[in-house]
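**Q** These are the residues of each chain, in order.
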Amino acid sequence: MTTRFASVDELLRQLDEGTLTSTELTESCLSLIRDHDSQTNAFLRSDADAALQQAAAVDADRKAGRPVGPLAGIPVALKDVLCTKGTPTTCGSRMLENFVPPYDATVVRRLRDAGCVFVGKTNMDEFAMGSSNENSAFGPVRNPWNLQCSPGGSSGGSAVAVAAGYSPLAVGSDTGGSIRQPASFCGVVGMKPTYGRVSRYGLVAYASSLDQIGPFAGDVRGAARLLQAMAGHDPADSTSVDQPVPDFLAEIDQPFSSLTIGSVPEYYIEGLDDDVREATEKAIDVFRSLGATVRDVSLPHARYAVATYYVIGPAEASSNLARYDGIHYGHRADDFENMIDLYAASRGEAFGAEVKRRIMIGTYTLSAGYYDAYYLKALKVRRLIRQDFDAAFGEVDLIVGPVVPTPAFGIGELINDPLAMYLSDYYTIPLNLAGLPGISIPAGQAASGLPIGLQLIGPAFEEARLLRAARMFETATDWHSLRPAFAQ
Amino acid sequence: MTVELSRADLVRVASLARLKLTDAELDSLTDQLRKLLNYVEMLNEVDIENVDPMPHAADMVNVLREDVVAESLPRKAALANAPKTDGQFFLVPKILEEN
Numbered sequence: 001m002t003t004r005f006a007s008v009d010e011l012l013r014q015l016d017e018g019t020l021t022s023t024e025l026t027e028s029c030l031s032l033i034r035d036h037d038s039q040t041n042a043f044l045r046s047d048a049d050a051a052l053q054q055a056a057a058v059d060a061d062r063k064a065g066r067p068v069g070p071l072a073g074i075p076v077a078l079k080d081v082l083c084t085k086g087t088p089t090t091c092g093s094r095m096l097e098n099f100v101p102p103y104d105a106t107v108v109r110r111l112r113d114a115g116c117v118f119v120g121k122t123n124m125d126e127f128a129m130g131s132s133n134e135n136s137a138f139g140p141v142r143n144p145w146n147l148q149c150s151p152g153g154s155s156g157g158s159a160v161a162v163a164a165g166y167s168p169l170a171v172g173s174d175t176g177g178s179i180r181q182p183a184s185f186c187g188v189v190g191m192k193p194t195y196g197r198v199s200r201y202g203l204v205a206y207a208s209s210l211d212q213i214g215p216f217a218g219d220v221r222g223a224a225r226l227l228q229a230m231a232g233h234d235p236a237d238s239t240s241v242d243q244p245v246p247d248f249l250a251e252i253d254q255p256f257s258s259l260t261i262g263s264v265p266e267y268y269i270e271g272l273d274d275d276v277r278e279a280t281e282k283a284i285d286v287f288r289s290l291g292a293t294v295r296d297v298s299l300p301h302a303r304y305a306v307a308t309y310y311v312i313g314p315a316e317a318s319s320n321l322a323r324y325d326g327i328h329y330g331h332r333a334d335d336f337e338n339m340i341d342l343y344a345a346s347r348g349e350a351f352g353a354e355v356k357r358r359i360m361i362g363t364y365t366l367s368a369g370y371y372d373a374y375y376l377k378a379l380k381v382r383r384l385i386r387q388d389f390d391a392a393f394g395e396v397d398l399i400v401g402p403v404v405p406t407p408a409f410g411i412g413e414l415i416n417d418p419l420a421m422y423l424s425d426y427y428t429i430p431l432n433l434a435g436l437p438g439i440s441i442p443a444g445q446a447a448s449g450l451p452i453g454l455q456l457i458g459p460a461f462e463e464a465r466l467l468r469a470a471r472m473f474e475t476a477t478d479w480h481s482l483r484p485a486f487a488q
Numbered sequence: 001m002t003v004e005l006s007r008a009d010l011v012r013v014a015s016l017a018r019l020k021l022t023d024a025e026l027d028s029l030t031d032q033l034r035k036l037l038n039y040v041e042m043l044n045e046v047d048i049e050n051v052d053p054m055p056h057a058a059d060m061v062n063v064l065r066e067d068v069v070a071e072s073l074p075r076k077a078a079l080a081n082a083p084k085t086d087g088q089f090f091l092v093p094k095i096l097e098e099n
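Same order as they appear, the protein sequences are chains A and B.
Position 299, counted from 1, in the first sequence is what my numbering calls 299; the numbers after and before it change by one each time, with no gaps.
Position 34, counted from 1, in the second sequence is what my numbering calls 34; the numbers after and before it change by one each time, with no gaps.
Because the hints were derived from the structure by calculation, they are not lab data.
These numbers come from a predicted model, not from an experiment.
Quick reminder that beta carbons are idealized off the backbone N, C-alpha and C, glycines included.
Don't take every hint at face value.
What the hints assert, rightly or not - Below, computed lysine to aspartate or glutamate pairings styled on DMTMM-like, alpha-carbon distance capped at 20 Å: (1) A:Lys380 / B:Asp31; (2) B:Lys35 / A:Glu413; (3) A:Lys282 / A:Glu474; (4) B:Lys20 / B:Asp31; (5) B:Lys20 / A:Glu474.
Stated by the list, open to error - Just the calculated beta-carbon pair ranges, DEER-fashion: (6) A:Ile269 / B:Ser6: 29 to 35 Å; (7) B:Glu41 / A:Gly271: 45 to 51 Å; (8) B:Leu16 / A:Glu281: 46 to 52 Å; (9) A:Gly412 / B:Ala24: 16 to 22 Å; (10) A:Ala420 / B:Asp52: 30 to 36 Å; (11) B:Ala24 / A:Glu27: 43 to 49 Å; (12) A:Gly412 / B:Lys35: 17 to 23 Å; (13) B:Ala77 / A:Ala50: 16 to 22 Å; (14) A:Ala50 / B:Val68: 30 to 36 Å; (15) A:Arg483 / B:Glu49: 51 to 57 Å; (16) A:Met339 / B:Glu66: 37 to 43 Å; (17) A:Gln53 / B:Arg75: 51 to 57 Å.
With these hints in hand, go ahead and build the complete structure from the sequences.
**A** Put into structure tokens, the structure is as follows:
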């Protein structure tokens, strides 16, 4: 049988029964990457020897009857923003082109312990700043549904790793939509957990109060399994929350007998593509047919989220990225006049246009005389955005709406209009500001053939509820089974 | 209200950010930042009277831990990614002039 696009459940069953080895599975992934990824550019690096060693170790454990981890032998692709000990971690930037971390990110360590096989590091917008993957210093990623289209960003490489069938699972990070938007563009499942659910230790920082690591998978159960292996308190990240992680699989296949979902009238803006609008309405009908009650809830400050984000995100970025000084690690300019000039020249040479833009925005809004007018004001609006959600979740169990206003746009289409690009994160950004979990699941197809995602939003730490509702939808529909022609 | 933002402002901000930019970059950034800041002006419509700022989504303060000695990164590993070292220290250009 072919293992390409097989579910994680199916792969684990075969691995446990002995009809498949992790070595066979890993070799299949590596050869797909080798043969096809020159067209999609999803991977920056794939170390076959290291992957096959991990696979062989798991196979030996299974054969000997030794206990194995919950994802033993399953290939996983890692966004290149996660530190991997001894393996370069570039963040899609010239700045870190030669950076080899001396330690593993906590999620990387946890996935190693779970028995995962790392098939490669995935391409991304530089320092996770972007919505199209065109900001990578190592070339754009291409969408397997249409190679002229963007896969979204910033975790475009991880989304494509799953969408093209290169790897059953992939890890991404989401600061303003960077998991959910590419999941929607590529027709896969992608989830941003609650802020604090997954340790950020070893995740190269973009905006620390917004960044969160999450899973990509071909189906909801696969995403649940990957989240399960990553989630939990970590003393090395003091913002990771010290509370028990529920068993996300325990009730995932039990449909809710009573579920109230919220639909948000403010979401139906000018600029919402007709196909996306229609897919969203039909998806809400699916929930209705499954017995859910649908009620309108208002998020009156949702329209201010993009403006709020483009103050807070760049402000945090300008501070976080001050660490790249040409001295401790990263690029150092050859020609400079003095110490200050060494900093400025190294940074000017190695950062790309979007990173420079956000550092400049953030430095401006935090500079003397502007702090109150921009940063402080944005933090206050942020609270109002959160309060809107709190009020809505007093009335409904979860909120359902679009992920992105449009299906995937063309490569080159928005790159020269930063504001238009930023608006593609209109529906995803509010969750990062509020710290809430959200999941994008396949829920439709545009006339052009491109996939359309549906976003489910839940209260803080209610990932289990989201996954269960997402699974309910998935069981009743076939959208997650569609494959791009590229992969056939 | 339209945001006033001059090229000179950008030069000042680039200096604060320790970012060497070309003339062409300064020109396009001036235009792009002006557009973005004009968009952000919409926040002025929001009534933020008596609203507390929300710097963080996690409601936690002062996460403490025991003060215990733990292993730290060996010097060699800490220096391994540095562009310039003498094997013991990070090397930087001379800051103090002689004489």
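**Q** Are there hints from earlier that the structure breaks, and if so, what are their numbers?
**A** Hint check: 1, 5, 7, 17 fail, others pass.
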